[in-house]
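Chains A and B, in that order, give the protein sequences.
For the first sequence, the positions run 23 to 282 when the numbering used here is used.
For the second sequence, the positions run 307 to 852 when the numbering used here is used.
Any given hint could turn out to be false.
As the list claims (entries may be wrong) - Interface residues of chain B toward chain A, partial, derived using beta-carbon atoms under 10 Å: (1) 321; (2) 325; (3) 338; (4) 411; (5) 526; (6) 573; (7) 575; (8) 578; (9) 680; (10) 731.
What the hints assert, rightly or not - If you want the ones that stay clear, here's a sample from chain A, every Cβ over 12 Å from chain B, calculated: (11) 26; (12) 80; (13) 97; (14) 131; (15) 150; (16) 197; (17) 205; (18) 206; (19) 220; (20) 242; (21) 248.
In case anyone wonders, no lab produced these hints; they're calculated from the structure.
Where is the CB? At the ideal position from N, CA and C, for every residue including glycine.
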Amino acid sequence: MEVSAVVTQGLSRSFGDVVAVRDINLTVESGRFFGFLGPNGAGKSTTIKMLTGLLAPTTGTIQIAGMDLATHGLEAKRLIGVVPEGMALFGRLTGFEYLRFVARMYGLPRSQADERAEELLSFMHLDTEPKKLVTDYSHGMQRKLALAAAVIHGPRILFLDEPFEGVDAIAAGTLKAMLQRMTERGATIFLTTHVLEIVEALCSHVAIIDKGLLVAQGSLEELRAGVAQEGGERLTLEQIFIRIVGGDRSADAQELSWLR
Amino acid sequence: MAEINASALAREQYRALAEMRWTLFVRGLRDVDNRIRFVVRILFRLLMFGVAVGMAVAAGFGVYYGVTLPRPGLVLHVFWWIFGVWQMYVLVRSSLSHGVGRNLLRFPMRFRTYATLWMFSGLTDTPTLLGAFVCLGAACGASLADVPAWVALAGPGLFFCVNVLLSRMIFLWSERLLANRRTREFVLILFSLIGLLPQFFVRTHNNPLRHIPIPHFLVRLSGWTPPAFAARSIASGVDALPRGIAVLWLAGLCLVFAAFIGQRLHREYRGEDLHESASSIARPEKRPHRTSRAAQESMRDTESASIPLAVFGIEFAKLRHSGQAIYQMLSPLLLIVLFGWRMASHSPQWLLPGGVIYLSMDLAGRTFNCFGTDGPGVQVYRLAPISMRSVFLGKNLYAVCIFATQSVLLLGMAVFAGHMELRLAIYALAFAIFAVAADLVVGNQLSLRSPRRTDMNRATLQAARSERRAATGGGWRSLATIFGVPFLGIALAAAGYALHLPLLAPAVMSVMAAVAAFLYWKSLERLDNFDPVRMERALTALVKTQ
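Chain A with its partners taken away, still in its complex shape (with noise of 0.2 Å):
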């Protein structure tokens, strides 16, 4: 039987007396494309952090591929791959050295290092100007090289915090239909994004966190079939992400009168 990618249990962060993630017991199966919904400050980037091993929870359990990240972060670790916050890129560096340092970092041979990281250049289309630094590469750009740098070392779980903001429509259809071959070879993606439609396009699970809070989790289908339906249309996903979480925001807009 094949381990779950992703299976946390009570999972729980305070800081202070703020309770930043409560209770999240969270399934993600190998080979999915998962989607991690939330409003702004609800809680994702705390758990993409713990899911990482960049920061520990207060409370509650977390495996990553079977094995315990509390215990095993080192093995785990190898396997999965992430654009951290911010991306973390070495302004002072080409694109060619900062991968290949990353590379490195999770113990490619230097030969190994090389091929891969000219490789992604190229599928990145970033390889036109070799000297070039990475501070004067532009926003989009940078995305692409942060993204390279999450799967130079092959991961088995990818979780990516708004990969396609800033991508121009080519490179991003190019990055989805490189994810979704990783997930068809079994790779798992982990996906958070506010962009409602590339997580309906691509992704056949979500959850959705609120104020720490697990609201929701399933099938597209099954979060569907759990909200309440008019007249039987179907809904879309920000129909349903509105009503699981936006109920009580939508007025906001009424007050601004002054605005033409």
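Since the structure of chain A is provided, determine the placement of chain B on it from the hints.
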């Protein structure tokens, strides 16, 4: 991913990090400004090397004579002096260190690798290098005094390790205490003020600290401290404790400190992020229920205010919200108190002009990269329908206000110190006007030509200072102005003194001030005609990834 054992992975990670740091270093030297900074740093290091050798020789002599005379109290003094200066320097100057970047924790890194990198990351800082030299000097002194070789090496060596570990342990402990930004800033300011108190007492009350009786329990407690055991390990006459026991005690302290550090680092490694405080987590929304009418009135208020005043307001708000910025404003005065106080006792009339000249260097650092703390926010100035002249007027007004505030406080100090001469007061005022105008003329141009982002949220005051120093754009031009303007002031005052023409310096400086002020006013007009393409290219640097 090819499987690789943990040791080989660690070796690969060390190599990758070393190569990456080397690449960054070499690339940094391609830039002319960075090359100049590198040369300045090397010169500073050479100077520190000279100081370190001098201190090592002094410590060596102290220990040698303390053992041979024998005067064990002298040995004790040497180690207390090393211990006190080292730990105070670390506390007051460096505050707390982030150690090795937490960004590395996303990689599959062993705890041992992380801890090793953390321990080695700050071993080349000034107090550690100085401490190493001084302990080496003490070891040499002990060897020459016929102390058994193993003790002569082990005592100062372990004392060095205790100091390194203790300073790092204090960092880790204070990290927990100071996880909140406001608390951190408060403690930084508090420590600096505490550093001034002895100077104040020495000056005002004929050093009453000497007459305060030290409680008996403190004297007894001091016998259990690292300096006491380091002294015992070398000078057998301190008390009846055998040298071997003293060395063992020091080794034991090293183990205890190392265990504490290991435990704290392990928690950090496991993901306990102390710097993420509750305030950074979004709380449930509490929207201000401002009526649209009130909002409209607020808009009208903003429109009626002039742009320079609005820019000034923003700069002032940045100052209010950052304890580090407040401290940076006050720190030149603290240094004047520390070093100028004694000078004032001999020639108080020079405190005001000397202080103004020193403050002008701080002003230069403040004006040469005036968009540095705006970061990506600089886009607001580019997008709003306002002239760059107005923006600069606001920023200049802020810089002048800070300088004026510092100068008024300095004046208060000078009045408190005693005798003041009118001609020197006029000279100081003229120099202040000259320095302000000259710095602003150069600073405004450099701020547009070579801005650099300044991160004022750095965890350490030292880091924030170096950040600001590094972000002083313009390289040799900024250095030339920072040192050139004070040099002119000093040269003019010295010329008047040498030629026995007391009015020469005030008169010439007044003319120079008038000319500089005129040039500043004319230079403001040119700011709106600055090449927009060049400006856009330069200001983009503030938005880029560092």
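How the hints compare with the structure:
| no. | hint | verdict |
| --- | --- | --- |
| 1 | 321 | holds (7 Å) |
| 2 | 325 | holds (8 Å) |
| 3 | 338 | violated (16 Å) |
| 4 | 411 | holds (6 Å) |
| 5 | 526 | violated (40 Å) |
| 6 | 573 | holds (8 Å) |
| 7 | 575 | holds (8 Å) |
| 8 | 578 | holds (5 Å) |
| 9 | 680 | violated (18 Å) |
| 10 | 731 | violated (48 Å) |
| 11 | 26 | holds (20 Å) |
| 12 | 80 | violated (10 Å) |
| 13 | 97 | violated (8 Å) |
| 14 | 131 | violated (7 Å) |
| 15 | 150 | holds (19 Å) |
| 16 | 197 | holds (20 Å) |
| 17 | 205 | holds (18 Å) |
| 18 | 206 | holds (19 Å) |
| 19 | 220 | holds (23 Å) |
| 20 | 242 | holds (27 Å) |
| 21 | 248 | holds (24 Å) |
The earlier numbered hints that this structure contradicts are 3, 5, 9, 10, 12, 13, 14.
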